[in-house]
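Asker: As a plain string of letters, each chain reads:
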Amino acid sequence: MSTEITGATSGVASRSTTGAGPDRGAPAGPGGRPRRSDRARAEARLGWLLAGPAFVVMLAVTAYPILQAVYESLFRNRLTAPDDRAFIGLGNYGVILGDPVFWKSLGVTTGIMLVTVAVELVLGFALALIMHKAVTQLRGLLRTAILVPYGIITVVSAFAWFYAFSIDSGYVNQWFDWVPGISPDLNWFAGTWTSLFVIIASEVWKTTPFISLLLLAGLAQVPSDLEEAAQVDGATWWQRMKRVVLPNMKAAIMVAVLFRALDAFRIFDNVFIMTNGANDTTVLSLLAYRTSIGRLEIGLGSAISVLLFVCVLIICFIAIKIFKVDLAGARGEK
Amino acid sequence: MGALTAKQKWAWAALTVAVLVYALFPVISIMATSFKLPSDLNTGKFLPTTWTLTNYEQILAPDGSAQELFLSSLRNSVGISLIATAISVVLSTLAAYAIARLDFPGRKLVLTTALAVSIFPVISIVTPLFNLWRSIGLYDTWPGLVIPYLSLTLPISIWTLTAFFRQIPWELEQAAQVDGATTWQAFRKAIVPLAAPGVFTTALIAFFIAWNDFVYGISLTSTEAARPVPAALAFFSGASQFEDPTGAISAAAVVVTIPVVVLVLLFQRQIVSGLTQGAVKG
Chain P
0 MSTEITGATS GVASRSTTGA GPDRGAPAGP GGRPRRSDRA RAEARLGWLL
50 AGPAFVVMLA VTAYPILQAV YESLFRNRLT APDDRAFIGL GNYGVILGDP
100 VFWKSLGVTT GIMLVTVAVE LVLGFALALI MHKAVTQLRG LLRTAILVPY
150 GIITVVSAFA WFYAFSIDSG YVNQWFDWVP GISPDLNWFA GTWTSLFVII
200 ASEVWKTTPF ISLLLLAGLA QVPSDLEEAA QVDGATWWQR MKRVVLPNMK
250 AAIMVAVLFR ALDAFRIFDN VFIMTNGAND TTVLSLLAYR TSIGRLEIGL
300 GSAISVLLFV CVLIICFIAI KIFKVDLAGA RGEK
Chain R
0 MGALTAKQKW AWAALTVAVL VYALFPVISI MATSFKLPSD LNTGKFLPTT
50 WTLTNYEQIL APDGSAQELF LSSLRNSVGI SLIATAISVV LSTLAAYAIA
100 RLDFPGRKLV LTTALAVSIF PVISIVTPLF NLWRSIGLYD TWPGLVIPYL
150 SLTLPISIWT LTAFFRQIPW ELEQAAQVDG ATTWQAFRKA IVPLAAPGVF
200 TTALIAFFIA WNDFVYGISL TSTEAARPVP AALAFFSGAS QFEDPTGAIS
250 AAAVVVTIPV VVLVLLFQRQ IVSGLTQGAV KG
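So the protein lines, in turn, are chains P and R.
When you number the first sequence by numbering that gives the first Met the number 0, it's gap-free, plus one each residue, and the end is 333.
When you number the second sequence by numbering that gives the first Met the number 0, it's gap-free, plus one each residue, and the end is 281.
These are calculated hints, taken from the structure and not from any lab test.
Backbone N, C-alpha and C fix where the C-beta goes; we use that ideal spot for every residue, glycine too.
Among the hints, erroneous ones may be present.
[Stated by the list, open to error] Derived DSS-like pairs: lysine-lysine, alpha-carbon spacing no greater than 25 Å straight-line:
1. K132/P to K6/R
2. K320/P to K8/R
3. K103/P to K249/P
4. K107/R to K249/P
5. K249/P to K323/P
6. K323/P to K8/R
7. K8/R to K132/P
[To be verified] Reference listing, derived: stretches of chain R covered by chain P, where coverage requires no fewer than 3 residues with Cβ under 8 Å from a Cβ of chain P:
8. 60-74
9. 88-94
10. 103-113
11. 148-159
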């Protein structure tokens, strides 16, 4: 990432003279070895001038705080007792990893992540297929409708689902009292499983549109002549899906799943609104929030933050190494 | 696609209704709640027995009990989200132009960083920011939220705009210059009209994301000075301490959802292409 300033060519001149594609090789120098010309240097300089601010801001708002969190996590530090601050090494991590509350919320978070992603993949694929096959007039209507959950504030969606299921203001119990187990006095938010059911339902509702749009874009890339050829050869709908469509959009599916998984792993808003962690529904984000912001235990809270970050890295690692998700490739970078 | 048979038409009608119900039901549900009288909340019915605007008066009328809380949070949300959107659109336009157009070492580094930042767990940086903001006086201020919002809006803006800019036929600029236009004219007349839709779409998506934030909003504010709508909803209380805030929250939720629905209706096509372009490209 050198930003050599030797090239005297002005940036604007270089912009208007360079070609369209980014894939130009460096011209060979007099010695036969590729040498970066003045123009290439000016271009590099302009490139960093333009992209630099965004790059620095991104690092400043994430890398710096997480390093700060790593540092803070090594101290015993409670804001209510500032004089008690002391370096305790990995002590905070010991406390957290020895606490069943942490493991329980890690389990709840992972469970929510797995269930939502699985449900959303199926539901999102169904929605994508519907949008893909729909005639043009319908497609606009369907996509507009689908975007409403995407655009709505998560907290608003959480309240909508909460009030619908709530034993006070809800109507779900009355509507579904023919379902075994549901009766007018079922309090959804008094039990772990029923609470998690509503939390997951609201998360699925709100975020399936995103996954289905990604899958729709993937469907659009499946060569239609391949599918037609398979149809001519007498393949059934299911065979075409399994042998032609799905293999061709594997990359899109993988990326969609990874993004949603990471997103679901940081679930916070709906849990905060619906149960605030009651009845064993605490998720990792909520645990971190309560420790730092609620109880002002900055040291412990920072340690949970770091552990959460490590979990995200592990999920990424698993996805990229084991499932071979090519993030850069699927996101348009060569 | 050929003409549909009657059976297919019915099937499509049924599918469309199913999708519409799926997408709109929770919205309609909270709307129905927002028109209920407090005495009407516990009937277990979906629709209000008597329709009332009481809840809207509570949050909007000058003597409403939650009016001050709601309107200040609305002001904060709109202001903070717009500023964060503007900053990220400017920064990402420059960056995306460089990535799409210039050959410089580090193009990939910038994109990878954007990707890494976009999967970053927000809550992980809340604790350090909370601590830092309190010591440098940014806690409970607009800039105290604008800065972390950039971590949400910048990465997706860079990806989306880069994808858009890669599709622009930049030769047009040179063609215009050959035809006698000055550099500035060529840029303004040939490139700006092609780039504008992408920039606009990116701004929309960035705004949605900032508007949706709850984690930063609830952690880094403590008063009406900066608390945005999603965080404020969690602090609503009823007209008296014995009344629960269900009605007022529902009404406020409807008020902040209307702009989203309007934007989605107007710009459905752009939002879809923006969301998918940056994401899946072979």
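Asker: Take the hints in turn and mark each one as holding or not.
Answerer: Hints and how they fare:
1. K132/P to K6/R: 16 Å, holds
2. K320/P to K8/R: 46 Å, violated
3. K103/P to K249/P: 33 Å, violated
4. K107/R to K249/P: 23 Å, holds
5. K249/P to K323/P: 11 Å, holds
6. K323/P to K8/R: 41 Å, violated
7. K8/R to K132/P: Given that 25 Å is the threshold and the Cα spacing comes to 13 Å, the pair holds.
8. 60-74: violated (count 0)
9. 88-94: With 4 residues in contact (Cβ-Cβ under 8 Å with chain P), the coverage given for the region 88-94 of chain R holds.
10. 103-113: holds (count 11)
11. 148-159: n = 6 at 8 Å, threshold three: holds.
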